[in-house]
Amino acid sequence: MSARSATLRLVPGPPSSEGGGAGPASLSERALVEGLKAGDPSICDRVYRLYAREVWRMLYRLLGDDPELDDLHHEVFVQALRSAHRFRGDAKLKTWLIGIAVNCARGKIRSRSRRRWLRFMAPEDLPEPRSRTCDDDTALTARAVFELVARLPTDERIAFTLRYVEGMSNAEVAVVMECSPGTVKRRLAKGSARFFTLAEGHPALAALCENRRKP
Amino acid sequence: MSVERTLERMGEAVVRHQDGARPELDEERGLARFRAAVDAGVVRPKRRPGLMAASLAAAALIVLAVMSWPRAALTFAVEGGHEMAVAEWLDARDITTVRFSDGTRISALVGSRWRVNNTTPVGATLQLERGELTADVRSRGSSRWLVDAGPFSIRVTGTRFATSWDPVGEVFELQMHEGSVVLAGPVVGGQREVRAPEHLRIDVGTQRLSVVSDSAVSSETDGEAETPSAEPSAAAATSDKPQPSDARATATGSAEPKPGTETAAAPGSLPEAGVPEWMMLAQSGKHKEALAAVREMDAATLLASESPAGLLLLAQTARLAGDHGLATRALSSLAARFPDSVQAKTALFLKGKLHFDQGRYDQAVAEMSRYLGATPGGAFSGEAQVLLIVALHRGGRVAEAQALAGKYLESHPDGPHAARIRSIVSP
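Residue numbers (the working numbering), protein chains in the order written: chain A, 47 to 261; chain B, 4 to 430.
Worth flagging that the hints you see were computed from the coordinates, not collected in a lab. None of the values given here were measured: they were computed from a predicted structure. Mixed in with the good hints there might be a few duds.
Per the computed footprint, the stretches of chain A lying under chain B, defined by three or more beta-carbons under 8 angstroms from a beta-carbon of chain B, are [claimed, not checked]:
#1 93 to 102
#2 116 to 128
#3 185 to 192
#4 215 to 228
A few chain A positions that, by computed beta-carbon distances, are all more than 12 angstroms from chain B [unchecked claim]:
#5 ARG76
#6 ALA77
#7 GLY135
#8 ASP136
#9 GLY145
#10 SER238
With the Cβ distance kept under 8 angstroms, some of the chain A side facing chain B (calculated, not the full set) [said to hold, decoys possible]:
#11 GLY85
#12 SER88
#13 CYS90
#14 TYR106
#15 ARG156
#16 PRO199
#17 LEU254
Positions of the beta carbon are idealized from the N, C-alpha and C atoms, including for glycine.
Take the sequences, apply the hints, and build the full model.
So, in structure tokens, the structure goes:
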């Protein structure tokens, strides 16, 4: 079985008519956006119902177990309503919302330095949520990867997560991060290089890093 | 395996782990909150302006563009040509000065480790992990500068000051040369305005705050927070004398934070998402509020049921909030219930720190030695070595201290603690 099959990856694969991918907004999506612009309560409800879980998943992907995840999630939809007038329909509504989520996460990551108590505690000693769906080895690898990715500069971290964890293409990452594919490529190159430098000394990842050199 | 494939495999592991660990979204509560925001008119969708309004707005924008500062984020460069990027750590080998495009200058002393976390058109956020920074911030009405030094946060609007953070001794200093800043962090309580020429010294371990004013009057407060409008010297003169640590935790109330600034969350008002409220408060740096939440629970049950990581967090939170008794109990529970865990090894270091803070140097020596023996390359081994040497010296075991100090200096001749250790070798 392919390691990237749908049974392993819990993220929807191909774009659906409701969203996903970087294509233009559908007719029904344009109607939703018009409703958002007008502040129609029933449309606002519908947009929330359609995309709340996707936005939640993306925020968790980027930030992990953050105590302010609920507040940030709310902020994404508030920002969506405030900026609905700027939505031009050249990307799907879901992609646009994910872009807002990524921007909110970016701001949160940058302000995270205010978790000053972390200065007293090594990352491996932080409380960790227990996973219901994976074994200890996978959890160890996953925690190690997340810990190292969290040390990358913000934009490299986001590009890395969207590309290698979320499985987006470079083009999709570019749309969500509102930059050119060339910029994405540069961020990924720098981020990957930094990641491997950090990972080579990490007991949970050293073997995987070693394998990448083998033909 | 190609590089891409290696990274994708790692990504898949993260997905599998996260998808099992991710808390469920409370969709109904989130929707109700969003509806409330829309109904309350907090969020107003933008409407297309009329032609006249659009013209006026355009004219105003042109005027603002001519008169206002550049909208691009500040840029910065290290004097002497060393390259430095946002979020990149800078270990200052000698005095290193960074100049920002608005004229602000930041100088770091030798042995300091710091970075620029982000820049905006009106300021930047700096993070000082250890050492000393001297800042000369150019004042403009809209300037927004923030300096995080260890667990302390300094909000700057345009001023000159020096700040330092010693992660081993857990001592913070702030000396104002010009203007004022707003300081937040442990012991401070809510937020505190600090004005030139005040010199503030905060010892997190002993929960002591000392203020030196221009009239050379030095006073000690015991974690008593002040409102920003109060005169610092007057408030210091009326403070209580320091109390033993356990009593201090209950005797010292935390002052109400300044209105409009960071406020403590009322119990039960934070989203649960599977994580206890005290833990979320602790992770947000609200140590006193976290302790208050713990005190509403059955501490004995908590100590008997919490995970190793949770106990470590509880101990650290209690220590930072001044409750050394609870910190000690949490660490003891951790060691007894999970003796082989990685957290139990870190607990040795924290126990040693607690003893050190309270002047029990023999016990501090014992715990630091046990920590170094159990985890020679541990995250706190550097700090543990230094504290061990200082504890030996203060405990009267001078010869042992000097022998260890000599070995330490051979390995770290220019390290951030070298000066302190040198004073032990050559008093």
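Now the hints, each set against the structure:
Look at the segment 93 to 102 of chain A against chain B: 5 of its residues bring a Cβ nearer than 8 angstroms to a Cβ of that chain, three or more, so the hint holds. Only residues whose C-beta sits within less than 8 angstroms of a C-beta in chain B count toward coverage, and the segment 116 to 128 of chain A has 8 of them, enough to reach three; the restraint holds. Under a criterion of three residues with beta carbons nearer than 8 angstroms to beta carbons of chain B, the stated coverage of the segment 185 to 192 of chain A is upheld, 6 such residues being counted. With a threshold of 8 angstroms between beta carbons, the proposed coverage of the segment 215 to 228 of chain A by chain B is violated, since 0 of its residues qualify and at least three are required.
Every CB of chain B lies more than 12 angstroms from the CB of ARG76 (chain A), the least distance being 15 angstroms, so the non-interface label holds. Even its closest Cβ contact with chain B, about 15 angstroms, leaves ALA77 (chain A) beyond 12 angstroms, as expected for a residue assigned away from the interface. With a minimum CB-CB distance of about 16 angstroms to chain B, GLY135 (chain A) clears the 12 angstroms threshold, and the non-interface call stands. With a least beta-carbon separation of about 18 angstroms from chain B, ASP136 (chain A) lies farther than 12 angstroms from that chain, consistent with its non-interface assignment.
With a closest Cβ-Cβ approach of about 18 angstroms to chain B, GLY145 (chain A) is found to remain outside the 12 angstroms limit, as its non-interface label requires. Its beta-carbon lying about 6 angstroms from the closest one in chain B, SER238 (chain A) breaks the requirement of being farther than 12 angstroms from that chain. Hint on GLY85 (chain A) holds. Least Cβ distance to chain B is approximately 5 angstroms, under the 8 angstroms limit. Proximity of SER88 (chain A) to chain B is violated relative to the hint, the smallest CB-CB distance being about 10 angstroms (cut-off 8 angstroms).
Restraint check, CYS90 (chain A) versus chain B: the minimum CB separation of about 5 angstroms is within 8 angstroms; hint holds. Interface hint status for TYR106 (chain A): upheld, as the beta-carbon distance to the closest one in chain B is roughly 5 angstroms, under 8 angstroms. Given hint, ARG156 (chain A) at the interface with chain B, holds; its Cβ is 4 angstroms from that chain's nearest Cβ, closer than 8 angstroms. Residue-level restraint check for PRO199 (chain A) holds (minimum Cβ-Cβ distance to chain B is 4 angstroms; threshold 8 angstroms).
Given hint, LEU254 (chain A) at the interface with chain B, holds; its Cβ is 6 angstroms from that chain's nearest Cβ, closer than 8 angstroms.
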